[in-house]
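Just so you know, the sequences run in chain order A and B. Residues in the first sequence are numbered from 1 upward in steps of one, following this note's numbering. Residues in the second sequence are numbered from 1001 upward in steps of one, following this note's numbering.
A hint or two may mislead.
[Said to hold, decoys possible] So these bits of chain B aren't anywhere near chain A, every CB distance computed over 10 Å: (1) LEU1041; (2) LEU1050; (3) HIS1052; (4) LEU1068; (5) SER1079; (6) VAL1083; (7) THR1102.
[Unchecked claim] Here's a subset of chain A near chain B, in silico, CB distances under 10 Å, partners left out: (8) TYR18; (9) LEU20; (10) ALA21; (11) ARG27; (12) TYR42; (13) THR45; (14) ALA52; (15) ALA53; (16) VAL111; (17) VAL114.
[What the hints assert, rightly or not] Listed next, with one range per pair, are the computed distances between beta-carbon atoms: (18) LEU1103/B x ARG27/A: 13 to 21 Å; (19) PRO1006/B x LEU96/A: 23 to 31 Å; (20) VAL55/A x THR1098/B: 37 to 45 Å; (21) PRO1006/B x LEU65/A: 38 to 46 Å; (22) TYR13/A x ARG1017/B: 46 to 54 Å; (23) GLY1057/B x LEU96/A: 16 to 24 Å; (24) TRP106/A x ARG1017/B: 18 to 26 Å; (25) ALA99/A x GLY1057/B: 34 to 42 Å; (26) LEU1007/B x TYR13/A: 47 to 55 Å; (27) GLY1125/B x TYR13/A: 22 to 30 Å; (28) LEU96/A x VAL1087/B: 43 to 51 Å; (29) LEU35/A x TRP1024/B: 39 to 47 Å; (30) LEU1103/B x LEU20/A: 23 to 31 Å; (31) PHE1117/B x LEU20/A: 38 to 46 Å.
Hints listed in this document are in silico derivations from the structure and should not be mistaken for laboratory results. For every residue, glycine included, the Cβ atom is placed at its ideal position computed from N, Cα and C.
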Amino acid sequence: MAQRPISPHLSVYRMTRYTLATSIFNRLTGVGLSLGLPLLVYWLTAVAGGAAAQVRAQHLLAHPLMKLFCAALIVAYCYHLVAGIRHLVWDTGRGLERAQSHRSAWLVVAVSLVLMLLVGWCAFAAGSRAP
Amino acid sequence: MTLRAPLRRVLGAGSAREGVRHWWLQRLSAVALVPLTVWFLVSILALPSLDHATVAGWMHGSTTALLLILLVLTAAWHSQLGVRVVVEDYVPAPGVRTVTLTLLTGAHALLAAAGVFAVLRVALGAPA
């Protein structure tokens, strides 16, 4: 097999740069959300299993560690959603100038923080029916 | 440096025209997941309670069931594409990498099938 070019690895970059931070967080939150997929399927399966199965699932979801996991999923989802939209805008060829990318990085952080607070409040604070 | 494998050169084969396939499917699934995930979150948070009767009643609706199936399939697909790139980037040993990718692809297929099956069981079952 011919020797093929490989992409430069993590260690060649300066890790404190916002460009790198926004990128690696998008990847980290993406991997985190992949761990949420089994949870979604587990919950759907519990609903399909009938009332008793769902009571067991709700009981498990009420455990503090699972609540923490759900909170982490909300944080990951809000960031991945907003950062992902930034990537989709880039894919159209827009916003790639250095000043624009700097501005959109902060916009991503600000908007996702607001979303996290909003969704977190709706899920955990508003009413007592939170999972 | 040529990017063509020796076998390709011998066969005189050109590009398979699949170079952007992974990239494009990841974007398509990303665009689809924006409305699907927002719909799911808003719907779940808007339910008056999460007890079985309420949730099963909600999942029994045709629109809800269809959107849930789309959500599970698209999320599994997007997740599989994303996790694959991470493994390809950080697992250099070919053997370990192939085994990891195989297991992850299998896990995603299993989750997608189980999710769709669960939604169908509720949607096609007796009304809650």
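How the hints compare with the structure:
no., hint, in the structure
1, LEU1041, "7 Å, violated"
2, LEU1050, "6 Å, violated"
3, HIS1052, "4 Å, violated"
4, LEU1068, "7 Å, violated"
5, SER1079, "4 Å, violated"
6, VAL1083, "5 Å, violated"
7, THR1102, "16 Å, holds"
8, TYR18, "21 Å, violated"
9, LEU20, "14 Å, violated"
10, ALA21, "17 Å, violated"
11, ARG27, "6 Å, holds"
12, TYR42, "9 Å, holds"
13, THR45, "4 Å, holds"
14, ALA52, "9 Å, holds"
15, ALA53, "8 Å, holds"
16, VAL111, "14 Å, violated"
17, VAL114, "15 Å, violated"
18, LEU1103/B x ARG27/A: 13 to 21 Å, "20 Å, holds"
19, PRO1006/B x LEU96/A: 23 to 31 Å, "37 Å, violated"
20, VAL55/A x THR1098/B: 37 to 45 Å, "42 Å, holds"
21, PRO1006/B x LEU65/A: 38 to 46 Å, "53 Å, violated"
22, TYR13/A x ARG1017/B: 46 to 54 Å, "32 Å, violated"
23, GLY1057/B x LEU96/A: 16 to 24 Å, "48 Å, violated"
24, TRP106/A x ARG1017/B: 18 to 26 Å, "39 Å, violated"
25, ALA99/A x GLY1057/B: 34 to 42 Å, "51 Å, violated"
26, LEU1007/B x TYR13/A: 47 to 55 Å, "35 Å, violated"
27, GLY1125/B x TYR13/A: 22 to 30 Å, "53 Å, violated"
28, LEU96/A x VAL1087/B: 43 to 51 Å, "28 Å, violated"
29, LEU35/A x TRP1024/B: 39 to 47 Å, "25 Å, violated"
30, LEU1103/B x LEU20/A: 23 to 31 Å, "29 Å, holds"
31, PHE1117/B x LEU20/A: 38 to 46 Å, "41 Å, holds"
Figure legend: structure checked against the earlier numbered hints; hints not met, in rising order: 1, 2, 3, 4, 5, 6, 8, 9, 10, 16, 17, 19, 21, 22, 23, 24, 25, 26, 27, 28 and 29.
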